[in-house]
Amino acid sequence: MTELSDSGELARRTAELCALLGSPGELRRMPEVQAAADGAAALLRSEAGAADLTAAYDVLDQALRRAGYANGLLAHARSTRPPGLRVHVKVAVCPGPIRCGRLERAGDLRPAPPCAINGERMRKTRLEPAS
Numbered sequence: 254m255t256e257l258s259d260s261g262e263l264a265r266r267t268a269e270l271c272a273l274l275g276s277p278g279e280l281r282r283m284p285e286v287q288a289a290a291d292g293a294a295a296l297l298r299s300e301a302g303a304a305d306l307t308a309a310y311d312v313l314d315q316a317l318r319r320a321g322y323a324n325g326l327l328a329h330a331r332s333t334r335p336p337g338l339r340v341h342v343k344v345a346v347c348p349g350p351i352r353c354g355r356l357e358r359a360g361d362l363r364p365a366p367p368c369a370i371n372g373e374r375m376r377k378t379r380l381e382p383a384s
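Numbered per the working numbering, the sequence shown spans residues 254 to 384.
Treat the hints as calculated values from the structure; they're not laboratory data.
Built from N, CA and C at the ideal position, the CB exists for glycine as well.
Watch out, some of these pointers could steer you wrong.
Stated by the list, open to error - Here are the simulated distance ranges between beta carbons:
1) 327 - 304: 17 to 27 Å
2) 304 - 360: 34 to 44 Å
3) 379 - 318: 30 to 40 Å
4) 367 - 292: 17 to 27 Å
Said to hold, decoys possible - Cut-off 25 Å, straight-line C-alpha distance, at most; resulting in silico cross-link-like pairs (DMTMM-like, lysine to aspartate or glutamate):
5) 377 - 262
6) 343 - 314
7) 343 - 262
Between the sequences and the hints, there should be enough to build the whole structure, so can you do that?
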């Protein structure tokens with residue numbers, strides 16, 4: 254099993270994959286990008302090793318670049334990082350057994366956004382300030 258929490262790079266790229274798969278944008282209509290994203294998500298679901306995931310993310314990054322997105326996979330992260338930390342900032346976090354670093358704002362009246370990799374809503378929690 255890959256521990257994404259121990260690898261900042263893999264966790265960040267997994268969060269970007271989740272945001273890309275969950276976006277309704279034109280990237281989802283590009284067959285090469287769609288195939289690379291689906292392949293990376295399948296590897297993640299199968300708990301593939303870090304080397305396999307890194308290779309899949311590299312393939313996705315190249316597919317995005319060939320499709321005209323110069324920043325590749327790095328340009329598609331939608332995770333929010335609130336300005337400054339307050340004691341009770343509510344965020345939605347990855348619901349999966351292997352957690353990525355994706356964070357989304359989580360309001361009380363809105364449901365948490367969906368996780369495109371695990372097929373369920375993200376889990377709401379409070380973001381506590383570092384001591």
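Practice task
Taking the numbered hints from earlier one at a time, note which ones the structure violates and give those numbers from smallest to largest.
Solution key: Going through the list in order, the structure violates hint 6 alone and respects the others.
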